[in-house]
Amino acid sequence: MRRVMVVDTKRCVGCEACVIACKTENRVPDGAYRDWVTQESSGEFPGSGQSGALELIIRSQRCNHCTNAPCVANCPTGASFFRGDGTVQIDRDLCTGCRACMTSCPYEARYVHPEGFVDKCTLCVHRLDKGKPTACEEVCPTSAILTGDADDPTSLVSIRLRRGDVTVVNAEAGTKPNVFYLARSAQGS
Amino acid sequence: MAPHLAHTEIETTRAAALAAHGHTWGWEIPIYLFLGGLVAGIMLAVSASVLMLGREKVTQAMKRGLLAAPVLLSLGMGALFIDLTYKLHVFRFYTTFRATAPMSLGSWVLLLVYPVQIGLVLAMPPDWIEPWLARLLEEVPTLRKVRTFAERHVRRLAWAALISGVALGVYTGVLLSATVARPLWSSGALGFLFLASGASTGVAALMVLERDHRMQGIWARADLALIAVELMVIVLWLVGLATQGPVYREAAALVVTGPYAPFFVGMVVFGGLLLPAALEALSLRGKALHSRWVPALVLFGGLLLRFVIVYAGQDVSFVKG
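Chains as they are written, first to last, in my numbering: chain F, 507 to 695; chain Z, 186 to 506.
Excised from the complex, chain F in its bound form (with noise of 0.2 Å):
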């Protein structure tokens, strides 16, 4: 099994449904945040012809749960481990706070929980093991995203997958992200 999540940018609206959805279930702290809305507004103005088209893209992001994920070869204590699904988890009683997997992060999803250990997004893997989405999937009103197993050929995941026209977040950094963003490039926040 392979749980990876593909979000449809041309279905997002970034009404920030996902990040409240997930800020209740997990209890994320004031302050933090386990998935974020990133805007991202280019083109040139005032434009002519193709080049001067203004584009608005919308992402619902979070920890990308690479399949090469530095956070977890730098963990000096196990505490960052990869789980059979493919998931990126922390485990709370390895874990010293040294965050070397805070520095690791191109993505910078990583915070430091109040009570001192390491946390970030873990794909809602207590809800996908009892069958249920995860809360920002199960929330989002446009149905923009979605989870499931990549290696599973009947899944939806794999289906959008196959369409080809998806892309990671920050490819350059090498780290084959599971999180898959439907239409156009992505430069990352």
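Since the hints were made in silico from the structure, they are not lab data.
For each residue, glycine too, the CB sits at the ideal point set by N, CA and C.
One should not assume that every hint holds.
As the list claims (entries may be wrong) - Partial list, derived from the structure: chain Z residues whose beta carbon lies under 8 Å from chain F: (1) Thr193; (2) Thr197; (3) Tyr271; (4) Glu315; (5) Leu318; (6) Ala363.
Stated by the list, open to error - Covered stretches of chain F (in silico footprint by chain Z; criterion: 3 or more residues with CB under 8 Å from a CB of chain Z, positions within the stretch not fixed): (7) 529–540; (8) 616–629; (9) 637–651.
The hints should help you fit chain Z onto chain F, whose structure is shown.
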């Protein structure tokens, strides 16, 4: 006609939170990296002297340096402990070994370094602690046996100090370069840079303590060579970054022409490397006296080098907005 302005604007939910949190690693890490490198340098310099010149040539300054090494290393580890946000779990470093994580490798290297240092101190203690040590050895027979063992195996201990010193020095740089996410640190040259800088600061520390005129000259020559190596590695590191891609060029520019340039170019490269190198060269030609201010500049430059690299490294990332 108004100019056409191509632009990308990024807005995010967590922009304020990212700005408020600032740097992930603060002053504790550069202090630790400096002290780790300094201790590695002292171990390398003294062990090289034992192996090349012989045990009888070890001066009081070198013995005092050896005695200071475990104290300085403990101070560095103290800074690391202060840095941890989950301090109660500090023992977790020693319940596992992770070959891919430099911090795990470093934790174990630190444990290997202490016995070697203690062995060398027992074999070659400074004169002023001899009376105190003699009383201690009378009361603790096991320690007496350890001293006898250390005295018989000084050369082997020197080899162990040489190897563990290199491991410690390289580790302080690899700790940063293995992180992947920080373009400024994304270079294999950092391991060599921190080793060369650590060796240079270690020699500089011994120069501050040294009173033997002949050894002052030897240390000055060694430091000149190490400074030359360090300057070459700095050039290789920056050229490597400048030829990798836009985000790496942005990172390199931060220390060469950006806000960190006065500290890096002015105080590290000029004040901490070129100026002391020139003064050391003059003293070797007999045109200037050996001064403790010269190695003090090297030590200050080494400390600032780590502050600049740790802080500037966290200012540029792949994340925009």
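Just to be careful: measuring from the Cβ of threonine 193(Z) to every Cβ in chain F, is the smallest value less than 8 Å? At 4 Å from the nearest chain F Cβ, threonine 193(Z) passes the 8 Å test, so the hint holds.
Please check whether tyrosine 271(Z) passes as an interface residue: C-beta within 8 Å of a C-beta belonging to chain F. With a closest approach of 3 Å, the tyrosine 271(Z) hint holds.
Holds or violated: glutamate 315(Z) as interface residue toward chain F, Cβ cutoff 8 Å? violated (40 Å)
Should the hint that threonine 197(Z) touches chain F count as held when the rule is a Cβ pair under 8 Å? holds (5 Å)
Do three or more residues from the segment 616–629 of chain F put their C-beta atoms closer than 8 Å to C-beta atoms of chain Z? The restraint on the segment 616–629 of chain F holds, since 6 of its residues have a Cβ under 8 Å from chain Z and three suffice.
Status of the alanine 363(Z) interface restraint (C-beta, 8 Å, chain F): With a closest approach of 6 Å, the alanine 363(Z) hint holds.
Three-residue Cβ test at 8 Å for the coverage of the segment 529–540 of chain F by chain Z: holds (count 3)
Count the residues of the segment 637–651 of chain F whose CB lies closer than 8 Å to any CB of chain Z, then report whether that count reaches three. violated (count 0)
Minimum beta-carbon distance criterion (8 Å), leucine 318(Z) to chain F: Violated, about 36 Å.
The structure does not agree with the numbered hints 4, 5, 9 stated previously, though it agrees with the rest.
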